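Okay, here's what each chain looks like letter by letter:
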Amino acid sequence: MNPDEMKRPEMSLVDVQRAMASAVMMPLTANEEMRATGPDGRAMTEVASSFVAPNSRLSAFERLEIYNRQIERLPLMRLGIHAKTVQNPFSRLSAQLGPCRGRPSHHRQHRLPKRVRIFCRHFRA
Amino acid sequence: MPGNRFNAFSNHGVGIGLRIPHYRHIFSRKPVVDWFEIISENFMIDAGRPLHVLDQILEQYRVVQHGVSMYFGSVTAPDPEHLRRLKELVRRTKTPWLSDHLCWGSVDGTYTHDLLPLPYTWEAVERTVERVRSVQDFLEIPVAVENVSSYAAFTGSQMTEWEFLTEVVERADCGMLLDVNNIYVSSVNHEFNPMDYVNAVPAERVAQVHIAGHSKYEKYILDTHDHPVIDPVWELYARAIERCGPTPTLLEWDDHIPSFDEVHNEAKKAERYLQRYAGALAGAE
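Heads up: the protein sequence lines correspond to chains Y and P, in order.
Quick note, the first sequence lines up with residues 0 to 124 if you use numbering that gives the first Met the number 0.
Quick note, the second sequence lines up with residues 0 to 284 if you use numbering that gives the first Met the number 0.
Since the hints were made in silico from the structure, they are not lab data.
Worth double-checking, as some hints may not be accurate.
Unchecked claim - Computed far set for chain Y versus chain P, every beta-carbon distance over 12 Å:
id : residue
1  : Ala18
2  : Thr28
3  : Asn30
4  : Glu32
5  : Gly37
6  : Arg41
7  : Ala59
8  : Glu64
Stated by the list, open to error - If we take Cβ atoms under 10 Å as the criterion, some of the chain P residues that face chain Y in the derived model are:
id : residue
9  : Gly72
10 : Ala76
11 : Asn188
Bear in mind the structure is a predicted one, so any value in this text is a computation, not a measurement.
A virtual CB, placed ideally from N, CA and C, is assigned to each residue, including glycine.
Working from the sequences, and respecting the hints, build out all of it.
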């Protein structure tokens, strides 16, 4: 493959990461769906289509929504706790991880990101 | 000689993840296990019970470290304190190689706590290669990058996922943790032939293989690590071993964890593929 012969993507890596982080970290609606409009008022269907490709079963919006559901269901995110704190299983954070101790419903639990599902093992034992 | 330079020429056999629900069984029964994979971040602390448990495990078993927060593809550089603690743990476990994911997860100081897919662009190749090289140089052991499962693809991608993975590992001169379950999950979610992926990756760089189960939904598959390995994933595993030779293999089971024996027996199914390869090799000589 020759990089010089390829069309340059419209968005830089940092722009893609900022756009995706902003979308997937938005609070969900009461029905646990991704919000129709972003923080800047733009329609999320338009935002999603600007950098996510659809497939034959899912629109760009629906694909982004999978990540939004995974991330926004995390109690950690709601508490505004960052990765460094998460890495210490005996930090004061353990006292705040109530939802991880119990058994979230089957579907909800599956949608937690892998990184956090593994971490939560410490709090269930 | 077994293995390759990316797994320190070792043939570890078939291992399982070290998980708390199994501690009692492991310490009381002392089962024969080829090796355990630990999640590095769970032991990157100064003192306490996790390290005490780890030291007991290290007395009797081989341990390989697997990380979940290096975020090789993040634009933001890794935290030097995180790297220092990781190196400290590497010295403690004497892990022959270390793995983490080919993904991103943080930007501008905000952590998503997820393993997010990268756009497969040349810019992402360059950025990721730079990160992998610097981490590998700092840790002074072979680093293997793992392909993640994903649910979204990017309009700006300039190559396939396996082309991207190949570019990264060859330019960074690092190893690869080939997760055949992740390949299967992504193949369904992105509508490609998973065997094309397994056939395309540079086999000589595969340091380790992951196998796992997943959950199927109406329109997509989620990488949940809470089921036995399905036959199509075993087929990908068989092809990977055919191409790579005997490679350290690890079963991931992270949710609804069954008994130690159930997890271990599921992992040991991999041995039949490793033995089949050894048999074919012996027959050819």
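Outcome of the hint check:
no.: 1; hint: Ala18; in the structure: 10 Å, violated
no.: 2; hint: Thr28; in the structure: 19 Å, holds
no.: 3; hint: Asn30; in the structure: 17 Å, holds
no.: 4; hint: Glu32; in the structure: 15 Å, holds
no.: 5; hint: Gly37; in the structure: 16 Å, holds
no.: 6; hint: Arg41; in the structure: 16 Å, holds
no.: 7; hint: Ala59; in the structure: 8 Å, violated
no.: 8; hint: Glu64; in the structure: 9 Å, violated
no.: 9; hint: Gly72; in the structure: 8 Å, holds
no.: 10; hint: Ala76; in the structure: 13 Å, violated
no.: 11; hint: Asn188; in the structure: 7 Å, holds
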